[in-house]
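Protein chains: 4
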Amino acid sequence: MKKINVGILGAAGYTGGELLRLLVNHPEVNIVFANSESNAGNKIYDVHEGLLGDTEMEFTSEMPFDKVDVVFFCFGHGKSEAFLKEHAIPANVKIIDMAQDFRIAAPTHDYVYGLPEIHKEQIANCMHLANPGCFATCIQLGLLPAAKAGLLTHDISVNAITGSTGAGQKPAATTHFSWRSDNFSVYKLFTHQHLHEICQSLNELRPASAPHVVDTLDEGFNAEGITVDFIPYRGDFARGIFCTEVITLDQPDVESDIVALYKSFYEGAAFTHYSDKALDLKQVVNTNKALVHVEVFGRKIVVTSIIDNLLKGAVGQAVQNMNIMFGIDEKAGLNLKASAF
Amino acid sequence: MKKINVGILGAAGYTGGELLRLLVNHPEVNIVFANSESNAGNKIYDVHEGLLGDTEMEFTSEMPFDKVDVVFFCFGHGKSEAFLKEHAIPANVKIIDMAQDFRIAAPTHDYVYGLPEIHKEQIANCMHLANPGCFATCIQLGLLPAAKAGLLTHDISVNAITGSTGAGQKPAATTHFSWRSDNFSVYKLFTHQHLHEICQSLNELRPASAPHVVDTLDEGFNAEGITVDFIPYRGDFARGIFCTEVITLDQPDVESDIVALYKSFYEGAAFTHYSDKALDLKQVVNTNKALVHVEVFGRKIVVTSIIDNLLKGAVGQAVQNMNIMFGIDEKAGLNLKASAF
Amino acid sequence: MKKINVGILGAAGYTGGELLRLLVNHPEVNIVFANSESNAGNKIYDVHEGLLGDTEMEFTSEMPFDKVDVVFFCFGHGKSEAFLKEHAIPANVKIIDMAQDFRIAAPTHDYVYGLPEIHKEQIANCMHLANPGCFATCIQLGLLPAAKAGLLTHDISVNAITGSTGAGQKPAATTHFSWRSDNFSVYKLFTHQHLHEICQSLNELRPASAPHVVDTLDEGFNAEGITVDFIPYRGDFARGIFCTEVITLDQPDVESDIVALYKSFYEGAAFTHYSDKALDLKQVVNTNKALVHVEVFGRKIVVTSIIDNLLKGAVGQAVQNMNIMFGIDEKAGLNLKASAF
Amino acid sequence: MKKINVGILGAAGYTGGELLRLLVNHPEVNIVFANSESNAGNKIYDVHEGLLGDTEMEFTSEMPFDKVDVVFFCFGHGKSEAFLKEHAIPANVKIIDMAQDFRIAAPTHDYVYGLPEIHKEQIANCMHLANPGCFATCIQLGLLPAAKAGLLTHDISVNAITGSTGAGQKPAATTHFSWRSDNFSVYKLFTHQHLHEICQSLNELRPASAPHVVDTLDEGFNAEGITVDFIPYRGDFARGIFCTEVITLDQPDVESDIVALYKSFYEGAAFTHYSDKALDLKQVVNTNKALVHVEVFGRKIVVTSIIDNLLKGAVGQAVQNMNIMFGIDEKAGLNLKASAF
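Protein chains in written order, with this note's numbering: chain A, 20 to 360; chain B, 20 to 360; chain C, 20 to 360; chain D, 20 to 360.
Calculated directly from the structure, the hints in this document are not laboratory data.
For lysine-lysine, the following PhoX-like pairs were computed, each having C-alpha atoms within a straight-line distance of at most 20 Å:
id, chain 1, residue 1, chain 2, residue 2
1, C, Lys282, A, Lys62
2, D, Lys296, C, Lys207
3, C, Lys98, C, Lys113
4, B, Lys139, B, Lys282
5, B, Lys350, B, Lys21
6, D, Lys62, B, Lys296
7, A, Lys296, A, Lys282
8, A, Lys296, B, Lys207
9, C, Lys296, A, Lys62
10, D, Lys62, B, Lys282
11, C, Lys62, A, Lys282
12, D, Lys98, D, Lys189
Modelling step: build the complete structure from the supplied sequences, incorporating the hints.
Following this line, the structure appears as structure tokens:
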């Protein structure tokens, strides 16, 4: 079978590196170019840990779009849109954008929001895909079954902790080892930008009878509807996101019904599974999996959900989307050994 | 001035060790005995890291209560009460109990709940003191000002993460380094035993007009009143607790009023301070301090509060209580250098 | 092609778990049984992190040796030999033993020491294989090229740091998170048991003109010859071994010659590569790779070598050996994504 | 008693912060100014973790040298000498320099090398003091007793691992949490700048009969004498240095004699103690202590030595030196609670 020819823009960053670590072992992929102006001519393994011995490929300043079937945008947020204004990508080349530039649907673009658990068919038929954010993926996977069932009728308490790789490659005060190790802190309290895409999906899935989910970043805290009260934390580990979502029902519910609802929702999902046991983060680290677990206390449903922020929360999901877009096995190149320790 | 003669029971455990680390440098204390059956005759520094060079004292199997002014119970939970049934402590010897055995007021005992921020006078006049739990201390310090002001009228969302020293000295699966490092997990979801003492204090401080705070462990989730929905997490660091408490008001409030309320409540507190800036855990690690910070979003007040679980959350607060009980400077022996890194 | 039918004994331990994580994705392997008395009937993913969603297989108390081509012994040291005294393995079933029981050649057994970099042909033709130790693998890979070239003529300084997974699954004082995190310590100074197999290989490869390498554990420190002065450290990370070997030459040497010697020695090795740059541990974590780097200062050659202790230092190398023993691609099932972070 | 009036230059850096954490609790010190151009007017606790509640002091751009008895230079290396060329410090103001600018004795300056274990009398009588480096302190404490006894007659193998705070406050690739956590790496192999001061002390203490210790940085690797082969490592913890020094004797020695030698050398030292047990780093973290332990194998003496790099390896030792220079209790302000966990 003909391989998928892939180009990568922004290949020297964290997501670029993790994408390369996946694609060098992907059985159906041929990496045509890994673009990085500043690293052109350098070996990929000189920049990205763990690739020595896997590939002798070098970064290039070239962008031969005519030689590829798909191009991954691994730019920082805001740069994808800017890049497209200055460069023409051939119409027959698919685009998978890691940034948030096209995650919110708009008449001005045709990007499909690439969460396979809800958009598999659209993904399979699209040319342009906006890959979801890391927190957004994990939180949505915890809330979507309840949203679809119309159970979201009160404000939702969400807290989620992320590893340091979420903050990118550039050294900063909050990623300085001396500060971050053994530390724990909160940031962007109630105002994290992923609220946009989370609210978009919740409103997309909810029945008309359920209340509007307010995007407080756009609509403020006094708008009519329910809110997602999202508390993001910085953890002292490199990989992974652990989310807890507390849903308040109108009436107490039976735990078995809720569990059945969640199990049914994710039946057939390639990488998202319901776990009967309490979660811990390392169950998914270095894999493309998401795990979801539910417990019920009176009117409160407590959902926990976990992913690896660089994989299911970024490039792993991007490769999953690529697989769907090209009609190959959804799991190709993604049967990863969990690091576990 | 005559020094305070101190005896320690359970001196070979984590809290016993941390208490010894404090008391060897306490200017007003004379350590009379450090009791441990299993370690009798061993140097203290052979068991407790960091004490070589500070003291040549040995553990003893003796318990000369007639030679001390105060005895610290550093037993595991449940053992303090059992110990007192089998041993007589002279009436003129004060007791400071680290366990949860006497934290809930009852006609059967005269132990004062030792949270100086609300009970300073009772502490100063008591013979027997029940030292608060670690999570309980941190969560209460985040909620007490609002409770007293009658602002707790809806269910309260609490999540809190603790370091591994909270799990004690005995090796276990969840404190195994290979599992715990880089990991994050939830436990005792909505059912942590510290809810008892938290609810006791909130009900003690609230005005009669405010609703009853339901101790769901005793009263269940359907009782009349509001609940404290407490999600405890295990973090991959050794020391510290970071709590977030989300309070929902009846009406949106002005941030400056709430901040003023909190600042005023802790004015004059020896170790609990309001911080104008966002918190991170290492601001208090290895100190007896608690820091509290507040932000307001519409009807939601988000309080963050931090302590070192072994110090303000355990023996540091116990020494603070001892200082108050003996009428000496509340900060004696507790001007600790933050580790910071 | 017919798959290799595999049985695993001791499947509930750390190495058993890591072996399962590899084999569930190995394209040429069919796992016939995973034996664990104490976990019989439990799902494998209930014991081993990271396997939920990958397999529904359960542990079994059965040992159907007639259904397998090869059996892996994942016992603790000393138990393999004991097991074989009580159980008969059919003569046509290959054995790969993870323990140290048969690593030292003896007339009483026919196990081949499974270090592919020096024994590839013997491995390809053997029925019984003793898989090398983790420290032993990493240290040998740093010393073997020099040994073969006759450059080991003075005592060799070796220090090596290992992650906590090297200490196994059973919780202990030295793997307690509260103690191990942010800590560093030394153990088995100059007396680590891997010296046996290291000395065996160095003596096997050295030319007759080079001095005998003394196994100080057997021969003492005053025997004629040179010694390997091995300082093992415990690190505060879960995976990986970083070794430094300092070789003293009779005469100063040219760096380029030594580097050429090392490069040439590992040319064609499937997983062991020479790196032109200084090493850091995460370059190999969660892979089966070994990296080696050399610098020269006067008469001193400083070699650094790194592996993942659970993979190239244990089950990764065991699977590599299995691949060689069955004549399939040496890298099958071992093209692992580095965790990198 | 009149307090010591202290000024601090470079007060916003890591060592400045740690010095402030010590001095705010020093019973004999009055902090007159904490100079930082870039932070002038900011609260000290806004920059330095752990000081909220301890002091309301602000950074200043002033340098009122006429109001102080001693000034601490907390500059980066090279800046102390530059500063003194542009500023006049009154002759009656003592200087304690944290940088390496004046650690090597020279006719051009009168700075005393401030290692109290060998220079206590000179320190007591000096106006200007060069505080030793962190690695240098720890390695010297492991070697000085042997040097003085004339036991250093062969090349010495030294390896030492440092925490990330040794790399300073400025974020860099090697202090990025995502890279540093769970990682281990080597740097400045055999060429660390602290070799200068180490060799200076070893040559100062050795008897005339013992060979010259070659400073390979100045004299190269072929000079006559013995060398200190120093391998520095970067560890994945924030605080502490763990050193191992291997000394080769001419003849095998009796362990008890060597131990007695070390114990005797450090008898009376305020903070340096011989430990009968194997060391682990957390025994000294957050204290000003150094611990030393010795084991003997044939002709090899293995010494391990540990310190906190920011305290005994930097400002703790500086305060110890200040105490000696002002004739007060050597331990004043340095009775620190070990963090232990």
